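S.K.: Start counting the first sequence at 1; every next residue gets the next number (the working numbering).
Hints listed in this document are in silico derivations from the structure and should not be mistaken for laboratory results.
Predicted model, so just to flag it, every value in this text is computed and none were measured.
Yeah, the Cβ is synthetic: ideal placement off N, Cα and C, and Gly gets one too.
Don't take each hint at face value.
Straight-line Cα separation of at most 16 Å, EDC-like style, residue types lysine to aspartate or glutamate; simulated pairs [unchecked claim]:
hint	residue 1	residue 2
1	K248	D312
2	K100	E227
3	K265	D341
4	K155	D114
5	K247	E214
6	K446	E488
7	K369	D264
8	K265	E314
9	K265	D338
10	K248	E203
11	K92	E203
12	K369	E430
13	K249	D213
14	K186	E95
15	K247	D213
16	K155	E227
17	K443	E430
Each pair of labels, with its calculated beta carbon distance range [stated by the list, open to error]:
hint	residue 1	residue 2	range
18	R331	Q85	18 to 24 Å
19	L116	K286	40 to 46 Å
20	R46	E95	34 to 40 Å
21	A296	W215	33 to 39 Å
22	R46	R143	26 to 32 Å
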Amino acid sequence: MIVRTRYAPSPTGDPTIGNIRTALFTWALARANGGTFLLRIEDTDRKRLVETSVQAIYDSLRWLGLEWDEGPGVDGIHAPYFQSQRLPLYEKTAETLIAKGRAYRCFCTAERLDRLRAEQAARKQPPGYDGLCRELEPEASLRRARAAPFVVRFKMNRDGVTVLDDLIRGPVTFENALQDDFVMLKSDGYPTYHLAVVVDDTEMEITHAVRGDEWISSAPKHLQLYEALGWTPTRFAHLPLILGPDKKKLSKRMGDTAILDYRDKGYLPEAMINFLAFLGWSLDDKTSLITIEELAERFSVERVVPNPAVFDIERLDFLNGHYIREMDETRWLTTVADWCDRRLPRSVRRPVDRGVISAVAPLLRERVKRLDQIAPLVEFLFGFEAPEHTAVELADRLAGDYALALAVVDAALLALDPVPEERWEREPIEAAVRGMEAAVSMKLGKFVSVLYVAEMGRGQGIPLFDSLAILGRERSLHRLRTARARLEHAG
RNA sequence: GGCGCGUUCGUCUAGAGGCCCAGGACGCCGCCCUUUCAAGGCGGAGAUCGGGGGUUCGAAUCCCCCACGCGCUACCA
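Given these sequences and hints, build the entire structure.
M.R.: Here you go:
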């Protein structure tokens, strides 16, 4: 079995959720069956070609661990893997088809085609090429070809039906009378998708192809091409679409953004894989967590559902949190350090203090769903001065009572000041803060938010006692004094 | 408009005639735990299986009709 995934570098951007889900299923199909996973770059649209997005497909696939067995950088017998380097193949096939009478040169201008479409629309007729150039004499066609630009159209068989035997949906029947002669070779000599996919899948000995459902209506074109050429068609699996929350095909606007954006927002590859795997596929009635290894082993195209799935980011977030908590200690430490180096304000010296990192890392684990949430949570540990906050924020959980907040800060100062530098650790700090309950006649749970704001500039965050221990005595007390000053000012 | 595909809790899905007055997961709600926030534990609400006809002793599962949604309808992929 050889399966391929394909990618067209274009300005619409880098590989998205949809693209990568197709790649994932393709990869899994290959792995589960001991097949070859091949990557092909379909750069036939010269008008929209964007070189940089070729790199993005490599990065996207590699980030997720979807290594290709053959493709760019991994030359095999089916090279080259860029369609722009395979032009003679398409041209030769087009010539063959013309010679067989199954294709013809078309000299119609874009203007005529536009007009034709407009007329058809006005008459409420289905749009389609009217076949003007279909019956041109071979001699005349050849002669005109020397002087005028032309495209090559495939002569569709208009009788009977074409049946696609889809791996997911079973037989799908298309009325041939409704088909029209599509362009297979453009006037710039590049093939359209339809020609290229058939030629390359055959040349590359692709046995199975997974693609999005938006392609299913062009399947008869491909099937007829195979037939006209006397080639055996690739088996197709048309994946259901991924829908946005608006139930429309997932758009760039609604979350079908580049997969690498998800990486940059702090999603883990294992979460992304797990998430994508269950978008249209399931293992059984119980499993909702799966690793890439298990997917590679147990994926089966028979268990892909035919109906579209709505993209639900909350599930992705849940999975990401899950895999963050699953990480081994070393990797978590490296990850936290990395995201601190990347996301902390510029004023913080790099590399960020590794001692501080290893102290906070364990506190972060179950509080973070995305890696980009790390920096805001630990930012208060860097820099001597108190974080920006106002008296309003300090007294927020105390119903805006400045005096009460002030009493809390004073009590904290009183309780913590006696803790000496050498005993400035979690337990003594905790004992001191708990001891404040009597002094302020409030439960810890009630007044603690004042201290959160004073020390870290936010009403909630990583555990307070540990935070103070990491912050150190001098900085902790200094922040309390700053808070007191602000409260006095406000009062 | 035409053609195609699809329709089970809010969402992802399990389900291929009796195991289903429908199971799991996310989310939601409540309780417990608790220094905030989380995480975790326990429990709960939530789908008359799009609607209507059949077939059958019996249908989410098979057949027919309808409705709705989406996709495609380029010298883009």
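S.K.: For every hint, state whether the structure bears it out.
M.R.: Verification of the supplied hints:
no.	hint	result
1	K248 x D312	holds, 13 Å
2	K100 x E227	holds, 12 Å
3	K265 x D341	holds, 15 Å
4	K155 x D114	violated, 20 Å
5	K247 x E214	holds, 15 Å
6	K446 x E488	violated, 21 Å
7	K369 x D264	holds, 13 Å
8	K265 x E314	holds, 14 Å
9	K265 x D338	holds, 13 Å
10	K248 x E203	violated, 36 Å
11	K92 x E203	holds, 13 Å
12	K369 x E430	violated, 27 Å
13	K249 x D213	holds, 10 Å
14	K186 x E95	holds, 13 Å
15	K247 x D213	holds, 15 Å
16	K155 x E227	holds, 12 Å
17	K443 x E430	holds, 14 Å
18	R331 x Q85: 18 to 24 Å	violated, 40 Å
19	L116 x K286: 40 to 46 Å	violated, 56 Å
20	R46 x E95: 34 to 40 Å	violated, 21 Å
21	A296 x W215: 33 to 39 Å	violated, 25 Å
22	R46 x R143: 26 to 32 Å	holds, 27 Å
Hints 4, 6, 10, 12, 18, 19, 20 and 21, counting from the list given before, are not met by this structure.
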